[in-house]
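J.: Sequence:
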Amino acid sequence: MNHEIRLNGCRPVPMAGYLKAMAVLRLLAEQRNPDVRGYWHQDVFCIQTELSPDQLVDFFLRTYRPTPIMAPWNGGGGFIRGKNREPVDWLRNTSGERFRPYRDALQAVDRVLAGTPLTDKPKDEDKVALLARLRAELPDEAVEWLDAVAAITADRLGFAPIYGTGGNDGNFEFTNNFMQRLRELFQPDGTPTDVAERLLRAALFEEPVNGLLNVSIGQFQPGQNGGPNAGPGFEASRRVNPWDFIFSLEGGILFSAAAARKFGRQHTDFTYPFTVRAASGGQGAMSVSDEGQKARAEMWLPLWRRPASLPELEQFLQEGRAQVRSRLMSVGWRPARTGVDFARACAELGIDRGVDSFQRYAFLERYGRMYYAVPLSRFHVRRRPEADVLDDLDRWLAQVQSLPSIEEPPLSALSALRRVEDAVFDLCQHGGAHRVRELIVAVAQLDRVVSRRADLRKRVEPLALASQAWIEQAWPQDAREQAEFSLGLAIGTMRDVGEISHREYFAPVVLHERRTWQWVSDEEMPSARVRLAFDSPDLVRCLLTLAERRLLDEERLRQRKDESEGAQQDRKHQEGKSEDKSKLKSKIGFHSRREPFAARLEHLVPFWFGETRDARILDYAWAFSAYRGDAPSVLHQDGARDVRGEATPAWIPYLYALLRLTFTSERELRRALESVSRRDLGQPPAVEDFSLPVPREVFALLGADRPANAVRAREVLERRFLASGLAPRHRGTDTIGLSPRRLLASAIVPVQSRSLEVLASRLWPKQDESVEFATKETVFES
-14 MNHEIRLNGC
-4 RPVPMAGYLK
6 AMAVLRLLAE
16 QRNPDVRGYW
26 HQDVFCIQTE
36 LSPDQLVDFF
46 LRTYRPTPIM
56 APWNGGGGFI
66 RGKNREPVDW
76 LRNTSGERFR
86 PYRDALQAVD
96 RVLAGTPLTD
106 KPKDEDKVAL
116 LARLRAELPD
126 EAVEWLDAVA
136 AITADRLGFA
146 PIYGTGGNDG
156 NFEFTNNFMQ
166 RLRELFQPDG
176 TPTDVAERLL
186 RAALFEEPVN
196 GLLNVSIGQF
206 QPGQNGGPNA
216 GPGFEASRRV
226 NPWDFIFSLE
236 GGILFSAAAA
246 RKFGRQHTDF
256 TYPFTVRAAS
266 GGQGAMSVSD
276 EGQKARAEMW
286 LPLWRRPASL
296 PELEQFLQEG
306 RAQVRSRLMS
316 VGWRPARTGV
326 DFARACAELG
336 IDRGVDSFQR
346 YAFLERYGRM
356 YYAVPLSRFH
366 VRRRPEADVL
376 DDLDRWLAQV
386 QSLPSIEEPP
396 LSALSALRRV
406 EDAVFDLCQH
416 GGAHRVRELI
426 VAVAQLDRVV
436 SRRADLRKRV
446 EPLALASQAW
456 IEQAWPQDAR
466 EQAEFSLGLA
476 IGTMRDVGEI
486 SHREYFAPVV
496 LHERRTWQWV
506 SDEEMPSARV
516 RLAFDSPDLV
526 RCLLTLAERR
536 LLDEERLRQR
546 KDESEGAQQD
556 RKHQEGKSED
566 KSKLKSKIGF
576 HSRREPFAAR
586 LEHLVPFWFG
596 ETRDARILDY
606 AWAFSAYRGD
616 APSVLHQDGA
626 RDVRGEATPA
636 WIPYLYALLR
646 LTFTSERELR
656 RALESVSRRD
666 LGQPPAVEDF
676 SLPVPREVFA
686 LLGADRPANA
696 VRAREVLERR
706 FLASGLAPRH
716 RGTDTIGLSP
726 RRLLASAIVP
736 VQSRSLEVLA
746 SRLWPKQDES
756 VEFATKETVF
766 ES
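So in our numbering, the last one in the sequence shown is 767, and the numbering has no gaps at all.
Hints are supplied without guarantee of correctness; some may be wrong.
To be verified - With a Cα cut of at most 16 Å, we get these calculated EDC-like pairs of lysine to aspartate or glutamate: (1) 443 with 392; (2) 751 with 665; (3) 68 with 105; (4) 443 with 507; (5) 279 with 350; (6) 751 with 659; (7) 279 with 392; (8) 443 with 508; (9) 279 with 393; (10) 279 with 154; (11) 546 with 508; (12) 112 with 132.
Keep in mind that the hints were calculated from the coordinates and are not lab data.
Given only the sequences and the hints, what does the whole structure look like? Please build it.
T.: In structure tokens form, the structure reads like this:
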């Protein structure tokens, strides 16, 4: 009859509790009950076994055979110069049957060391040769330990972080302490000591016990190591159950290290199950600076609810599959290398099915130079479609995560990197459109920091986005959020000015011939910096600077074209062809690269009243300046509402209408006027050809943000319309209560063609609509 036993002393936190669970399952299956199965329920490890709880206790007290755990290569292992020899000699002199595997392994070590006695701990090639000989000579039970602690190649060694650096952590030697704990629990003949049973019940079932030892347990259970603030009073002594330490080393054997050559590389990589490079995001126990020098590794320990046998668990851990999608790999997937990658694997189901969650640990340098297994967070395995956007950032994320390893990394970069990692973890764990937007903001901030430092630009490529999911998965439903997102998208996706990419107004980049962004060279940097418009945290200032830069570049472009247009026109005239003069006259204006990217009038209303978070709009604009993809369906669907007139505001500032149509290219304005006439929405002037240049003085007038100057700017614009043959039929009054500077900045934001038609219908209403009637309808706001 099978028994269901809850091991309340075996929990995912601390790491000693988790490894204790693995040890019980492994030792019980190998030495007593092969059909035993284990699983996690409500953060407690449970086993299905033919043994009763009392029989389980009796097994470990009477039958359990310790794994021969030893490290002859370590200075404190008990094999070199007689240091710490007492536990080793005690095991050699035991007579109990349970210690026979240990005695056999020690005899094999003595044979290996007989030819070349060690006077000091071996280093480099000598250590590789020693471990290779030990692996060839030791019994199979001892080889299990060797495979767990180290991976061996012809000329290299790789040590599993779970066992420090080859079975020791600084001066703390794991294997010698393991022997000491055995000595405290058992007599030389193998019988248990008087305290062994009650300590065992405390370790397995969390029963109360006294008489804990004042010894170290190392990295596996930091809370029991004592020290300042570790208990009542200023300082507490260590309180360790020796069974906890024994089970910790026994359980870790399941996580065997391995060496493998991957994807055609010339060198061999060392792999450890579910062990990756540490990442600071998603928790508060470590900082970004810890990633570089103070974090040995990060380990994700799996938790599962379905009962599993030892062979099933061993196969699962040996495969250790945690993969993320990568466009750089021919197979489409690559192994997870960092904590961020592992979070992505959980969200993309790039791990083996059957795992419900992972307990995340990092081996961090704490309390002097000791390393502790610090619990970071619990991560649940769920498919999060929103996390697919991270496939676009695969290469970029790998590069930015190397920043903490450089010498004296700038704090601004570390802070921005932490925000990116936190955003990635939140997105992969919880999903949601708002978390995609938080990731966009964090990515933009880090890319901005990188763009401003030459040392960072050498390590990190410019940001590049291509997936439509960035817009589809992030599209907000809240009115204010949607306004901010739409304005940022419109600003970031403006049309290029000739050969000058719009992205160049944000960062010092050039578009490579393969349509990828690259940082400009040091020689080109001075000229590139002159073009930068988004070098201020003030969104309005950035937009005004952008307008001035674009207008200047457009003027230079037109001057260069003028030299060739004359010859082209003469040639076409000789060939009997005519040139579209209006096309030659049309300015570039401020328009989006694609119609759906442009904003709508309703999105500008909260911006006019200062209700938007301008810094957020600025971050959105920066991120989408790197976007080279097409418009997703969500923009087309949302734009259809505006076509039906469902979202058009009832009023519009008159000054804004004048500014926006002035900043519109003549070609687009002509189309809007023709559409208004054709659809009988208004009666604009029938001018076949016109030119509406931008009067530069409006920037100086409105940039001062004074109401009196706004009146003068309105008069300048009205005269400009009149000179172009586009005199407005309906004129609004002065704009009171709104910032003229913000109105000017808002006019730079590209809007959809439907919005241009609305502005035209308000400036040129139908002939039978009197000005008085139009005023009552609040066509323009005063």
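J.: Work down the list of hints and note, for each, if the structure agrees.
T.: Quick rundown of the hints versus the structure:
Note on residue 443 and residue 392: the hinted pairing holds, with a Cα-Cα distance of about 14 Å set against a maximum of 16 Å. Proposed proximity of residue 751 and residue 665 is supported: the alpha carbons are some 8 Å apart, at most 16 Å. Of the pairs offered as hints, the one joining residue 68 and residue 105 holds, with about 11 Å between alpha carbons and a cut-off of 16 Å not exceeded. Between residue 443 and residue 507 the CA atoms are separated by roughly 11 Å; this keeps the pair inside 16 Å, and the hint holds.
Of the supplied pair hints, the one linking residue 279 and residue 350 holds, its CA atoms being roughly 5 Å apart against a limit of 16 Å. Simply put, residue 751 and residue 659 have alpha-carbon atoms about 14 Å apart, close enough for the 16 Å limit, and the pair holds. A distance of roughly 14 Å separates the Cα atoms of residue 279 and residue 392; the hinted pair therefore holds under the 16 Å criterion. A C-alpha spacing of about 15 Å is found between residue 443 and residue 508, which places the hinted pair at or below 16 Å, so the restraint holds.
A threshold of 16 Å between alpha carbons decides the hint, and for residue 279 with residue 393 the separation of about 14 Å falls inside it, so the pair holds. For the suggested pair residue 279 and residue 154, the alpha carbons sit about 13 Å apart, so the restraint of at most 16 Å is met. Simply put, residue 546 and residue 508 have alpha-carbon atoms about 27 Å apart, too far for the 16 Å limit, and the pair is violated. Taking the CA atoms of residue 112 and residue 132, the gap is near 15 Å; set against the 16 Å cutoff, the hint holds.
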